[in-house]
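Enquirer: Sequence:
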Amino acid sequence: MWNLKGVDAIAPADPAGLETLGRSDCYMLLRTVPIGRIVFTEAALPAIQPVNFVLDGDDVIIRTGMGSKLAAATRSAVVAFEADQYDEDALAGWSVVLVGRAEAVADDAERRRLARLGLTPWALGDRPHYIRVRPEIVRGRRIRRPATL
Numbered sequence: 106m107w108n109l110k111g112v113d114a115i116a117p118a119d120p121a122g123l124e125t126l127g128r129s130d131c132y133m134l135l136r137t138v139p140i141g142r143i144v145f146t147e148a149a150l151p152a153i154q155p156v157n158f159v160l161d162g163d164d165v166i167i168r169t170g171m172g173s174k175l176a177a178a179t180r181s182a183v184v185a186f187e188a189d190q191y192d193e194d195a196l197a198g199w200s201v202v203l204v205g206r207a208e209a210v211a212d213d214a215e216r217r218r219l220a221r222l223g224l225t226p227w228a229l230g231d232r233p234h235y236i237r238v239r240p241e242i243v244r245g246r247r248i249r250r251p252a253t254l
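Heads up, the sequence shown is in the working numbering, so the first residue is 106 and it goes up one at a time.
Since the hints were derived computationally from the structure, they do not count as laboratory data. For each residue, glycine too, the CB sits at the ideal point set by N, CA and C. What you were told as hints is all true, and nothing was included just to trick you.
The following label-pair restraints were derived from C-beta to C-beta distances:
1. P139 to I242: 21 to 29 Å
2. N157 to R239: 14 to 22 Å
3. D163 to T225: 19 to 27 Å
4. I153 to S181: 18 to 26 Å
Put together the whole structure using the sequences plus the hints.
Expert: See the structure below:
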């Protein structure tokens with residue numbers, strides 16, 4: 106179970122109970138989950154891949170293997186990144202979507218610095234490459250069970 110106390114919406118909930126979250130609240134929520142989804146284009150089609158990640162300031166950092174489809178598809182591409190959490194029993198949850206350009210981290214000193222952030226890949230195999238997503242758009246929504254239910 107998780108709670109959303111201390112998270113302020115930038116707009117009151119609409120009649121359906123959806124709230125639009127501010128940028129700082131979006132990042133606060135992202136820091137509470139280890140997994141997100143990166144959305145990119147592969148062979149001219151949308152592709153979605155779950156990834157574990159860490160935030161470096163406002164940037165999303167992902168580790169990937171040499172020659173991976175994810176690494177090839179995201180280099181200098183505009184991508185989306187989404188993370189969420191929900192509670193089925195409480196009929197509550199949130200979703201944060203970031204949109205920005207992905208870039209491979211090539212600088213050795215920067216890669217060493219990122220290695221100290223503690224991002225350990227869940228997937229087996231060598232994952233020596235880092236991808237940085239620099240968000241230009243940050244959007245978040247939260248829904249809570251209406252009081253009348």
